[in-house]
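Q: Take a look at the letters that make up each chain.
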Amino acid sequence: MAVSAHVDENEDAPELIPGATAGVKSFVAPPETQEAIGFTPALTDGWQERALQRMGELLERYRSLRVFMDACVHCGACTDKCHYYLGTRDPNNMPVARQELMRRVYRRYFTPAGRLFPKLVGARELTKEVLEEWFTYYYQCSECRRCSIFCPYGIDTAEVTMAAREILNSVGYGQKYSNEIIGKVHRIGNNLGLNPAALRNTLEGLEEELKEEVGREIRFPVDEKGAEVLLVTPSADFFAEPHIYSLIGYAKVFHAAGISWTLSTKASEGGNFGLFIGNYDQLRRIALRIREAALELGVKRVVVGECGHAWRVAYSFWNTLIGVGAGADPEDRYGQMLQRQLDHRYKQPSHICEVTYDLLERGAIKVDPTANDRYVVTFHDSCNVARASRMGSSSEGQFEIPRAIIRRVARRFVEMNPETTRERTFCCGGGGGLLTDELLEIRVKGAKPRMKALKAAVEQEGVNFMATICAICKAQFTKVLPAYGFKMSMVGGVHQLVSNAILL
Amino acid sequence: MATIEVAGKTIEVDEEGYLTNLSDWDEEVAKEIAKSEGIELSENHWEVVNFLREYYQEYQVAPPIRVLTKAIAKKLGPEKGNSDYLYELFPYGPAKQACKIAGLPKPTGCV
Chain A
0 MAVSAHVDEN EDAPELIPGA TAGVKSFVAP PETQEAIGFT PALTDGWQER
50 ALQRMGELLE RYRSLRVFMD ACVHCGACTD KCHYYLGTRD PNNMPVARQE
100 LMRRVYRRYF TPAGRLFPKL VGARELTKEV LEEWFTYYYQ CSECRRCSIF
150 CPYGIDTAEV TMAAREILNS VGYGQKYSNE IIGKVHRIGN NLGLNPAALR
200 NTLEGLEEEL KEEVGREIRF PVDEKGAEVL LVTPSADFFA EPHIYSLIGY
250 AKVFHAAGIS WTLSTKASEG GNFGLFIGNY DQLRRIALRI REAALELGVK
300 RVVVGECGHA WRVAYSFWNT LIGVGAGADP EDRYGQMLQR QLDHRYKQPS
350 HICEVTYDLL ERGAIKVDPT ANDRYVVTFH DSCNVARASR MGSSSEGQFE
400 IPRAIIRRVA RRFVEMNPET TRERTFCCGG GGGLLTDELL EIRVKGAKPR
450 MKALKAAVEQ EGVNFMATIC AICKAQFTKV LPAYGFKMSM VGGVHQLVSN
500 AILL
Chain B
0 MATIEVAGKT IEVDEEGYLT NLSDWDEEVA KEIAKSEGIE LSENHWEVVN
50 FLREYYQEYQ VAPPIRVLTK AIAKKLGPEK GNSDYLYELF PYGPAKQACK
100 IAGLPKPTGC V
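In order, the protein sequence lines correspond to chains A and B.
Take the first sequence: its position 489, counted from the start at 1, is 488 in numbering that gives the first Met the number 0, and no numbers get skipped.
Take the second sequence: its position 43, counted from the start at 1, is 42 in numbering that gives the first Met the number 0, and no numbers get skipped.
The following block holds chain B by itself, in its conformation from the complex (with noise of 0.2 Å):
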């Protein structure tokens, strides 16, 4: 099992860098995460990130690309409530790398 290394604490992470109990999140594990990701957290990232974990605690899931662009229109104004907006901040893809900084599991399918 693989591990990432946090103000002294170890935490285990999946063969993608995905956390393997969401419980071990705080800031500072995402941080960490962004950082691999090559990412400095924003705070617009922060943004996403607290959004997509609100969501998750709500309803178990990532939320839907577009109920995302639609938070984030409202917290930072209509011209970021996109997913161009969204792939600027997570290069990767907003659903994985976000999901992934904030803790969540990936989401799986045809995504």
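In isolation and in its complexed conformation, chain A is listed as follows (with noise of 0.2 Å):
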């Protein structure tokens, strides 16, 4: 690979460490979580054989995939552009690297050149010891998608790693954290294990809290009937801090505005790990029960919270997926019951971000700038957010929304380095499934980049609050942030800020 010369020409871009981050590994899932979601429990004989079938066809059904494997020139645009090859120098962490763990195997059994002289084009035998660097390196991606704005060929890593995911869990060999997760959603309705008692007893403890503290009944509804908005957030929001703030925030713009709105015990969580393992079957499973919830409800319109791969799920897929939107299968009965349901004068589904603009727009809803006035706020646009949907009418507005947002309701706001964000955003280091604690170096070390780009802004500009509209960003930089040396409460949500300003 051709690439040694171009990065050591840049600061960000430091010299190889080989195997830096080979022992950083994903806990493997157990039978039993394995099972739970109709996985194959553990790794046996035939493995291979079943691994292989596997990649043939997700290389028949998914045209990309076979595009990838073979567009590749090796430039090495990629290279220097993911946060975990910046912040570990392993080489295994280069986007080219990590697609070629697989393409070599690709090459080797698909390709009649890898077929027949696979030494002379780098093929590689699909061994355990192959087996074991795909499970490592294919949980040190975020799938983000940094690296494939700037790809010439547009080659998508993410697709490749999901692809590498699903092959492995295909043969039994899954990760602990992300399948646990599934599995509780199924179980349970959302990633955290909240109950239907214990998100109601969390949502009522809110309501004493609030009316106490603004001498307002701020409602959080749960389950109700007939209610306008169905909200579909992450689990999250209902659990953790900062989360909780935008959960607030959330409801108040609903108060203020005096549309009716509900959650769901059925739906409580907007995140879906299917996507994350590239399992069409899981993120289809997960989905349902968000329409399933809508029908019940008889809602009108479904709004989802700050999380962003929910919004990617949603923006780009809930449509011919579940019928929020247009395009179900004509086939698909309860699809095309939900759109039927839905109004259409509002976007469905909508990011909650796009309604409280849009009130802010409309002067349906006020709010108090100098509220957060303690505040020189910058924003971290989340990768999915920033390169898988959209907001609102424009191109860009997915940039242009939350920012709008943030100027409204906070007097002093400033952007990072330009090369860090808006579609260059780099990832949290936290995403796609790497939000668990036996990542923690990787997370650390891939957090570097927007760290460096932050502590540039808080020295330069006196940033102290950095809104976002992820979950997992809002998660992950809590944990992260010290490291770097700043407070864990520097990370907040969007609607944390509108909380803060809205006037009821």
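Please keep in mind that the hints were generated in silico from the structure rather than gathered at the bench.
These numbers come from a predicted model, not from an experiment.
Among the clues, some could well be false.
In silico lysine-lysine, DSSO-like type, Cα no more than 27 Å apart, as pairs [to be verified]:
#, chain 1, residue 1, chain 2, residue 2
1, B, Lys69, A, Lys210
2, A, Lys265, A, Lys346
3, B, Lys105, A, Lys175
4, A, Lys486, B, Lys95
5, A, Lys265, B, Lys105
6, A, Lys175, B, Lys95
7, B, Lys73, B, Lys105
8, B, Lys79, A, Lys486
9, A, Lys265, B, Lys95
10, A, Lys24, A, Lys175
Assembly of the complex is requested from the two constituent chains, each provided in isolation within its own frame, with the hints serving as guidance.
A: As structure tokens, this is what we get:
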């Protein structure tokens, strides 16, 4: 690979340290975790054949994957664009090298040259050692797709990572973190395992607190039939800080605007880890919970809270997956039913930022930005929102709308280095199924490019609050900010700022 | 399967030291887990641990951080009812570290 000269020129692309994070491995899902979601329980004899069979199926089903396997010319444009590479210096974290882990196996078994002259074309057998390498490095990719915007061929490493994880799962070699969470969604309704009683208890507590705090009956309705809006938000919004401050913000927005809304115990999760593991069946089954809830409750609008990949799934896939939006299969009776039920004067689905922005624009809610005068705010674009979705009606709405809200609710807003924002944003370091403690080392290292840009904004502009619209970003930064000398409370949601400023 | 030794008994834990069988928990086990986390359990630690266990018994899940801080404010005073104080007690994070010591499963998801 002709990349070494290129990487030395940039201080952000330091010297290689081969194997630097070879030892940073996700926990393997135990058999009961695999079985609970219908996956092969464990790696057993004959796995290699089954893995190659699955790989063949994926290559047939997703033309994109085959193109990505064939198209790379090793130009090196992607090499220094990955936060994990920049943070770890492990050459396997260069996007081209990460793809190459699969590409070499592809060449060996799926191309004539690789079958006949494997060594000449750098083809490689799918051995246990290779499988281990896949498990390590395909779980050191957060599927953030930053590399793909620099690739002249548009190769999307995230799709390769998803395919690799699907192949690993198909032979019983899954990641404990993601698969345990998926099991919880099926069993209980959300990633955290908050059952309906715990959820209600939490929300009632919030209502009481807000009554004391602001003297108003701000409601957090659950399973209320006939509500106009079903809000689907990450379960971390019920559980963690700073997430919960945004949940309070959403409730205040609906309250102030007089919009009836409800949460659902069945659809108490916006996140969809089916995406992270590249498993279409899981992606759909998790999304179907939202359709069931929307149909049962008879809502007219589905709104998504602050969760990056939830918005990607909602914006890009919900229409054909479950019928939120247009495009459900004509044969899909319930998808069609939901399409007819929803009110198409509104975007279906809508992001909570679109809802709030629209209300602010129309003057339907009022704010006092001096309420956030203690903050100098910057905005961290979350990868899935930035590079895999849109908002509003302009092509850059996903960047402009959250910023426009912040400018309305806070008086001091500054940008970080433009090489690290909007389309070029760096991942927080914990996305794509990596937000787990055993991967903390690469999470901390992967946050480095973002932390560097933040540090500059802190030193030059006095930034003391980094707003974001993703539960993973919030949890990841809360954990890693202290490692870079910042306070964990420096990160929070856009609706946390809205919550502070909104007039009730 | 990993194990820990407590008062001559061998107890199963997962890769991260969370109890495999929640019924194995007792105060001695809690102390042992705390020790491996570098924490000596004070009375205030015990308030948190006990609340976590009570809440878990009722709801089969760890309490949201806000529920926990409210409960601690009631028990130890309003100045201690915040996550900064909980992080002082459990530096690796009240949700995960305190749950481990209380013998609860690890909270999963985007937390």
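Q: I'd like to know which numbered hints this structure contradicts. Please list them from smallest to largest.
A: Structure breaks no hint.
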